[in-house]
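Protein chains: 2
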Amino acid sequence: MQRIVTARLQGSMRFEATTRTGHVVMMDGGPDVGGEDAGARPYDLLLVGLAGCTGMDVISILRKKRQRVTGFWIDVDGQRSSEHPKVYTQIAVHYHVQGTGIDPAAVERAIQLSETTYCSAIASLRASATVSSAFTIHPDPEG
Amino acid sequence: MQRIVTARLQGSMRFEATTRTGHVVMMDGGPDVGGEDAGARPYDLLLVGLAGCTGMDVISILRKKRQRVTGFWIDVDGQRSSEHPKVYTQIAVHYHVQGTGIDPAAVERAIQLSETTYCSAIASLRASATVSSAFTIHPDPEG
Chain A
9 MQRIVTARLQ GSMRFEATTR TGHVVMMDGG PDVGGEDAGA RPYDLLLVGL AGCTGMDVIS
69 ILRKKRQRVT GFWIDVDGQR SSEHPKVYTQ IAVHYHVQGT GIDPAAVERA IQLSETTYCS
129 AIASLRASAT VSSAFTIHPD PEG
Chain E
9 MQRIVTARLQ GSMRFEATTR TGHVVMMDGG PDVGGEDAGA RPYDLLLVGL AGCTGMDVIS
69 ILRKKRQRVT GFWIDVDGQR SSEHPKVYTQ IAVHYHVQGT GIDPAAVERA IQLSETTYCS
129 AIASLRASAT VSSAFTIHPD PEG
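These protein sequence lines map, in sequence, to chains A and E. Just add 8 to the spot in the first sequence (first one is 1) and you have the working numbering. Just add 8 to the spot in the second sequence (first one is 1) and you have the working numbering.
FYI, nobody ran anything at the bench for these hints, they're computed from the structure. Be aware that a few hints might be false.
Pairs count within a copy or across copies, as identical chains cannot be separated in the list.
[To be verified] In silico SDA-like pairs for lysine to any residue, Cα to Cα no more than 25 Å straight-line:
1) Lys72 <-> Gln10
2) Lys94 <-> Ala135
3) Lys72 <-> Gly19
4) Lys72 <-> Lys94
5) Lys94 <-> Ser136
6) Lys94 <-> Arg28
7) Lys94 <-> Arg134
8) Lys73 <-> Ser141
9) Lys94 <-> Ser140
10) Lys72 <-> Glu44
11) Lys94 <-> Glu123
12) Lys94 <-> Asp83
13) Lys73 <-> His92
Quick caveat: nothing in here was measured; it's all calculated off a predicted structure.
In isolation and in its complexed conformation, chain A is listed as follows (with noise of 0.2 Å):
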């Protein structure tokens, strides 16, 4: 077992979470728990950190695939459950590869790499939900 996170109440219900490489990430509620909104939301980290890893597979494939990246964002949508726990039942991730000459293979390709082998994340939650993805090619507005 390794230490990964340790978080720190600091008020009503902010936390300072500081992970094993040193890094901080702050968590806060809304008003509606007593919350002050001086962080992200707990629950989203989880799709955060879904988004990043994917997102770092799939720029890494299509790098070697020697694809001319210029931009590169991902959208996650979730969908809980109504009864407590609430959970995350679907997840839909839409990946957008900014580029000249992007081929549309080689990014279903790196997507399902990562959905399949590599995304850690990915592979946690589908444990739960379902989880479906999506890409958009944007030509390069400079190419």
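Place chain E on chain A using the hints.
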């Protein structure tokens, strides 16, 4: 479905994520994967979120139970599988409650309620990992 996060590539491996509540979280890889360590590792954020999620539950319940908590922090350890996608297989949550006259039964019950009913992150990750918990009560040094 609700948009939870948009993460945008800003460097070699650095992603800036903006959540639905407008909070920004930086993610990056280490030099081993071509990153510059300018943000948290994405997969660590799942346990950051877990810590904040259960932490907010537990402190709320302890306050309702009129416990005089003067300090509260949570350590989360993880064990990952050795093969891709290297998911967490074990997660250990250690709650530290500092205060005067803290009732162990109240702490135990608060943790149990979070684990079984309220904490979305524990519920999501328990589908693929064993989640265990423990707690320590620390006398208030000024109490």
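Cross-check of the supplied hints:
1. In this assembly of identical chains, Lys72 and Gln10 lie within 25 Å of each other by CA distance neither inside one copy nor across copies; the values are 31 Å within and 33 Å between.
2. For a Cα distance limit of 25 Å, the shortest separation of Lys94 from Ala135 qualifies both inside one copy, at 15 Å, and across copies, at 14 Å.
3. In the homo-oligomer, the alpha carbons of Lys72 and Gly19 lie at most 25 Å apart only across protomers (16 Å), although the nearest pairing inside one protomer, at 46 Å, exceeds that limit.
4. Within a single copy, Lys72 and Lys94 get their C-alpha atoms only as close as 39 Å, which misses the 25 Å cut-off; across copies the closest is 22 Å, which meets it.
5. Within a single copy, Lys94 and Ser136 get their C-alpha atoms as close as 11 Å, and across copies as close as 17 Å, so both meet the 25 Å cut-off.
6. Only between protomers do Lys94 and Arg28 lie at most 25 Å apart by alpha-carbon distance; the minimum there is 17 Å, versus 28 Å within a single protomer.
7. In this assembly of identical chains, the alpha carbons of Lys94 and Arg134 lie at most 25 Å apart whether taken from the same copy (15 Å) or from different copies (14 Å).
8. Taking CA atoms no more than 25 Å apart as the test, Lys73 paired with Ser141 passes inside one copy only; the shortest distance there is 20 Å, against 44 Å between copies.
9. Within a single copy, Lys94 and Ser140 get their C-alpha atoms as close as 19 Å, and across copies as close as 20 Å, so both meet the 25 Å cut-off.
10. Taking identical chains as interchangeable, the C-alpha atoms of Lys72 and Glu44 lie at most 25 Å apart only when they sit on different chains, with a minimum of 19 Å there against 44 Å within one chain.
11. Proximity of Lys94 and Glu123 under a CA criterion of 25 Å is satisfied in both settings, with 24 Å inside one chain copy and 13 Å between copies.
12. Within a single copy, Lys94 and Asp83 get their C-alpha atoms as close as 21 Å, and across copies as close as 23 Å, so both meet the 25 Å cut-off.
13. When the C-alpha separation of Lys73 and His92 is checked against a cutoff of 25 Å, the pair qualifies only between copies, where the shortest distance is 21 Å, while the shortest distance within a copy is 44 Å.
Comparing the model with each numbered hint stated earlier shows that hint 1 is the single one that does not hold.
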